[in-house]
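There are 2 protein chains.
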Amino acid sequence: MSITVVGSIAYDTVKTPFGARERMLGGAAVHFALAASFFEEVRVVGPVGEDFGEAELDVMRRRGVDVSDVERVDGGRTFFWRGEYGWDLNSRETLDTQLGVFEGFQPKLSQLSRSSDVLFLANIQPDLQREVRAQLPHARFVALDSMNLWIDTARDSLVSAIADVDCVILNDAELRQLTGRPNLLAAARDVLSWVAPASSPNGAGRGPSVVVAKQGEYGAALITEEGFFALPAYPLETVIDPTGAGDTFAGGLVGYIAAHPREELSDELLRRAMAHATVLASFNVEEFGTERVERLTGAEIVTRIGELRSITQFSGTPVRLRH
Amino acid sequence: MSITVVGSIAYDTVKTPFGARERMLGGAAVHFALAASFFEEVRVVGPVGEDFGEAELDVMRRRGVDVSDVERVDGGRTFFWRGEYGWDLNSRETLDTQLGVFEGFQPKLSQLSRSSDVLFLANIQPDLQREVRAQLPHARFVALDSMNLWIDTARDSLVSAIADVDCVILNDAELRQLTGRPNLLAAARDVLSWVAPASSPNGAGRGPSVVVAKQGEYGAALITEEGFFALPAYPLETVIDPTGAGDTFAGGLVGYIAAHPREELSDELLRRAMAHATVLASFNVEEFGTERVERLTGAEIVTRIGELRSITQFSGTPVRLRH
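Residue numbers (the working numbering), protein chains in the order written: chain W, 687 to 1009; chain A, 687 to 1009.
Any given hint could turn out to be false.
What the hints assert, rightly or not - A few chain W residues that face chain A, going by a derived Cβ cut-off under 7 Å, partial list only:
1) Gly769
2) Tyr771
3) Asn857
4) Leu871
5) Phe914
6) Glu923
7) Ile997
No wet-lab data here; the hints were simulated from the structure. Every residue, glycine too, gets a C-beta built ideally from N, C-alpha and C.
Excised from the complex, chain W in its bound form:
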């Protein structure tokens, strides 16, 4: 069952302590699509400028991604981001953002993109996320990412957007900011309590049932009504460039769920999806931009899933306690 993603397609100029790249292929929709392409066909919706190359589209095509809804805007420039990471890669500074064709972007979805049963709303203005969501009212599973900018400037719209999806994928700091609750569990329970109003085009009374808190180098946590699950990041001795890790994570998560259309959205399925998300993200950060994921193989993913299991297990040997 195919996946539609709406979000940025970008050129990124990135500097990390380990090197730099000029105008490499990036953007949330691109990182998401490459990761999710290991599980299902992905249809990318988003604008690019006249400067966007066929070679970049071919990167996605080679992974079976449908780019027919990538809209080339005459006379426009592709979204551009320039940033630099600090020595431990946990801090990053945005040095330049040029919206280009994203300014005034109105998502146009083809019949095919509207027929996907899984939808990912990557980090864009929440009004746009809601417009796209409304075009796939019958999607089986809808997930959403966002960022601090929209919590600061468009919180009401973001809350409405969240009430109309099944799964929210945010950094843990963003979850805290969004809810005003410092405790992660309490913040997640807040979000799980939000429901779409009666006026919602997508059905009143629905609301998110899954919250995923991305924790960067520490891993990620999953909170549902049913329970809690957490995974560390896959340990790497060399991390080169974290750009796109969050979107690659989302691509692994949403892709895995899309590939299991007959399974109920249980915690057991979500945990396996979290593991695949974690592994996909770990490959992404090993090289700049999309370089590593472009030549990733299914066999490599399977091997690392096994390793991730082994580094998170402990035996249940009974203990001897004194008192």
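Once you have looked at the hints, place chain A on chain W.
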């Protein structure tokens, strides 16, 4: 097999967003001893002042802790710390530190304390840690904690102290600062490569074989020559006071290892010890100071170990990958 711990015995005045306490029982050796007391007998070495009450000693005695090496200094004042936590409990400000009897403290270990086969050097000046270490040359397992102050002011002595122990337990930021390596795995491998010099009283060529990185609310990671293991923190909706969490964690870890003297120090044993450390720390933060751990029961620990297992497991169901 009993455990000796040397470290601070303190009065803490703490304010968190959830309340405050004046001059409550605290200190690294106290938190460690209460946690480790669930596994083995603990002997506490450290000074207190004339102001230190019998009621506070009784808190330890009730958990079977041997306080006969707690040295009461005539005319002295007990170590005092006053601090305040920020809204998300991840930042804390030290408002006052009064060393009191810790100024000029020379650890005096009784024959009994020197006969323990497990030793924990809580966070004190590294020269003092080395003096105590030298008094237990035949200990089977020695672990050490430290802090950024000693990395800044006494790094050489700290490195020597580390080279003479089996296990280093530090915050991940401290590990990075200590080694100058931003990557956690690389930092840990650095520490694992340090060996005691030929002049060491405790045997040349030995060095740490276990590094534990405490990651606060994100959990903890274990790095050995053999492998890597990570556990999230036990999820809590209400965290009241993180003071002493790290020492309680160390008490669970070292206590568990002490209680299994016939088991080789394998990763499998260390993983179980990490789980018990995680669970002990989770109880500690549920109330102020030692309040929760004072009335903790073995049954509660066992229950939470089971819960911790269940929130970290995912199934190995084979995946269907497209490419």
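For a quick check of understanding: which of the numbered hints are violated here, in increasing order? Per hint list: 1, 2 and 3 violated.
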